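**Student:** Please model the entire structure based on the sequences and the hints provided.
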Amino acid sequence: MESSNSSFQLLQELISIQGVASDESRIKAFIKEYVLKHSSQWKSKPRIIDGLGFQDALILVFGNPRTTVYAHIDTIGYSVGYDNELIRVGGPKNIDGTILVGSDSQGDVEGELMIFENEYNQQRIQLSHERTIDRGTLLSFKPNFKETKEYIQSPYMDNRLGVFVALQLAETLENGAIVFSTYEEHGGNSVGACAKYLMNTYDVFQALICDITWVTHGVVHKGGVAVSMRDSMVPRRKYLNKIISIAKDSGIKFQLEVESAGGSDGSVLQKSDLPIDWCFIGAPEDNVHTPQEKVYKKDIESMIELYRVLMNQL
Amino acid sequence: MESSNSSFQLLQELISIQGVASDESRIKAFIKEYVLKHSSQWKSKPRIIDGLGFQDALILVFGNPRTTVYAHIDTIGYSVGYDNELIRVGGPKNIDGTILVGSDSQGDVEGELMIFENEYNQQRIQLSHERTIDRGTLLSFKPNFKETKEYIQSPYMDNRLGVFVALQLAETLENGAIVFSTYEEHGGNSVGACAKYLMNTYDVFQALICDITWVTHGVVHKGGVAVSMRDSMVPRRKYLNKIISIAKDSGIKFQLEVESAGGSDGSVLQKSDLPIDWCFIGAPEDNVHTPQEKVYKKDIESMIELYRVLMNQL
Amino acid sequence: MESSNSSFQLLQELISIQGVASDESRIKAFIKEYVLKHSSQWKSKPRIIDGLGFQDALILVFGNPRTTVYAHIDTIGYSVGYDNELIRVGGPKNIDGTILVGSDSQGDVEGELMIFENEYNQQRIQLSHERTIDRGTLLSFKPNFKETKEYIQSPYMDNRLGVFVALQLAETLENGAIVFSTYEEHGGNSVGACAKYLMNTYDVFQALICDITWVTHGVVHKGGVAVSMRDSMVPRRKYLNKIISIAKDSGIKFQLEVESAGGSDGSVLQKSDLPIDWCFIGAPEDNVHTPQEKVYKKDIESMIELYRVLMNQL
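Protein chains in written order, with this note's numbering: chain A, 1 to 314; chain B, 315 to 628; chain C, 629 to 942.
Just so you know, these hints were derived from the structure itself, not from any lab. Being a predicted model, the structure only gives us computed values, none of them experimental. Glycine included, C-beta positions come from ideal geometry on N, C-alpha and C. Each hint should be verified, as a subset may be incorrect.
Stated by the list, open to error - Derived coverage of chain A by chain B (criterion: at least 3 residues anywhere in the stretch with Cβ under 8 Å from a Cβ of chain B; other residues may be distant):
(1) 47-54
(2) 124-132
(3) 135-144
(4) 243-253
(5) 291-299
**Tutor:** This is how it looks when you write it as structure tokens:
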């Protein structure tokens, strides 16, 4: 069994595949292929659920699941509007000079994001390009993966890193489900359909949201994985207490997050009519929603470790 | 078989019937009666689904449906508050002097909308009327249908025109479903219940949103029906590509829309836990959400034609 | 059979139990215990539905239900963030000097809310306390129940009073359901799961939202219970008309509310894909979302009476 845990090559590959929210078919195909290729070496071989009724989402079911891990496979980006205007998909931070890539009917597209401001301080975001790009073309940050001894910095750590962690977890998971969800960054979807399927088919009422959070004055690099006690939504206290108790007993380094803003696949579950408990657990990153999302490597390790323990004990 | 396509009398009738969001029972009854009267002459006779569990929505099922057309039957308007204050239902544009109609326990109501502004630029909207109208009375723009050689101008082209198009489509539809939905302009509802019913009963996972869009600098009168690549929500790319490909092959005049704002029954599907693909397709109108909504007649023709082709090939 | 109607001791007890949204397990346990203790003396003994699949909500089913009463058991409050910062749960009005209570790993917590404003008029809310309270601790207004001849004033009349009314109603209810729902003040939830259960199991398509509304210039103390014709959401007109007609015939004192803002468990139903009619009916209160919520006692009486009539006739 390869120790992919100690290497971030898979993460770099995941980041190289475009998957702006609404257009997740390629990253989904990559993940499915990866699972088909590697799962024979995993501790338990998962059932794969996808296709009609699941859009571009993918579910892995291991043994008798009690808890589902949600890792969203979409990213933020831009739609090309009329005359190369740019419209955000999700909430990318508009930074002048950011290089965006994609492709349309004329071939590959690469250009710089430019910000124009009018006399009323209203911003218009434009792609600098020699030709008019097809309407509706989806663009994303140009991949730019950097690994140092301590950190990884790259666009789309949110949430290719969550996907990476879920795939590490898959290697040893015996009972549990993993949902690779879509549309998290814009509009929310597929989470409800997958959660309903898992609830109706396997009686799964517990969820963990495997995603990347923000470095703030309360949650810091080198503090271990963050267990979020709230963001804009508040998880159910009984479930939260159980998770924190397991985390404390595990000896794994973690920090408690209490924020007033932000949302995740957990918010989609909270606002649905599904009685499913959820909690967000993920490493913190700096430079959120920019091409320089930066995560401390040992925080990733504690994230993988805590998921292993929780999926076993919850 | 009458060629109602070349005549807009039915459209004018549809517009004459009040149906402010939450109060769609009369327009629903009119549509049901129309279907019962005319469907024997249609190519395929639909099953009619309505009543308990569907509120004031109405579903027509033709043959073996793969795709559902959603045309909302509600309109924007106003609730009468305390002392003839007006509170918006949906997003009507408040224009001083607009004539509003309705009825309460004392009989018919007709009066002018008046805008009062205080020293802090806060607006209060008031109905000018000799008596105090019953609390909660629903008012709508006074019908004022105008047809020229090229254009139709009227209140509530959004979305009586979508309903009209769906009824034209019904004449030749062999396999497909049509949902006449409610509450689109305020709060959203009935779409989810109908979509779930059609998914569970007929395995329908595809939706087309038959509604009217906005003339902007990218979408224009005389450009043909608009296929929307996004508004505030972004439809799934795989489904969108299939639709655009069919539209291109059809030779029917259409234009691609890419907007950053606005929503539709498609947004309700997107935010639900139903794994249903959707795309908004409709003629563009000027003077949105005013009593002078204006649509180019040949754009309506291309809308009807494109729906016929899509319902056949999707 | 005790006439708890004439005494507000139960209301005071309900208010003394903490239940900030997301943390409703104790108030739920209290209500369940109350039902188990008293229901043998009720006109009809309800089935109790709770546990897995219902989170901290509780359902009572009497006879053959046609209508469900929703009374939310959660309250507004605060989460303790980093270094005793306070983050709102729901929409409490931040008032300098308000006394908040709760408990953490070190024991009971009681402290004053302090508002700090920086040079940009941005507010930071802080708990004044000698030690650093555990992250994520939930705090609520200190109980302070005051009863005069005419009024009751207390924190959390919204919605312990709705719960109280539902428990009075339970004493004589023969056919109907009562849902003690959670998370109404923050995020919304459990209502959908309970409504779906009651719809699928008992064909219940009608809902009444048993909650407290606001005194405004149109809805006043001593005007009787308020039947809400709209808030931010608009209930279906057909259902509303039926309710108003029954209320008029009953002779019970009531007033019609027409507001542009606010929401309730009814909004959750409206935005769900459940085809369930809803209407908000409740006594009005002053000093909304403060520790001094004040309700006129005879308005409570008319609220209980109207619920009895409606649950019988709807």
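**Student:** Now, for every hint given, state plainly whether the structure supports it.
**Tutor:** A quick look at each hint next to the structure:
no.: 1; hint: 47-54; verdict: holds (count 3)
no.: 2; hint: 124-132; verdict: violated (count 0)
no.: 3; hint: 135-144; verdict: holds (count 3)
no.: 4; hint: 243-253; verdict: violated (count 0)
no.: 5; hint: 291-299; verdict: violated (count 0)
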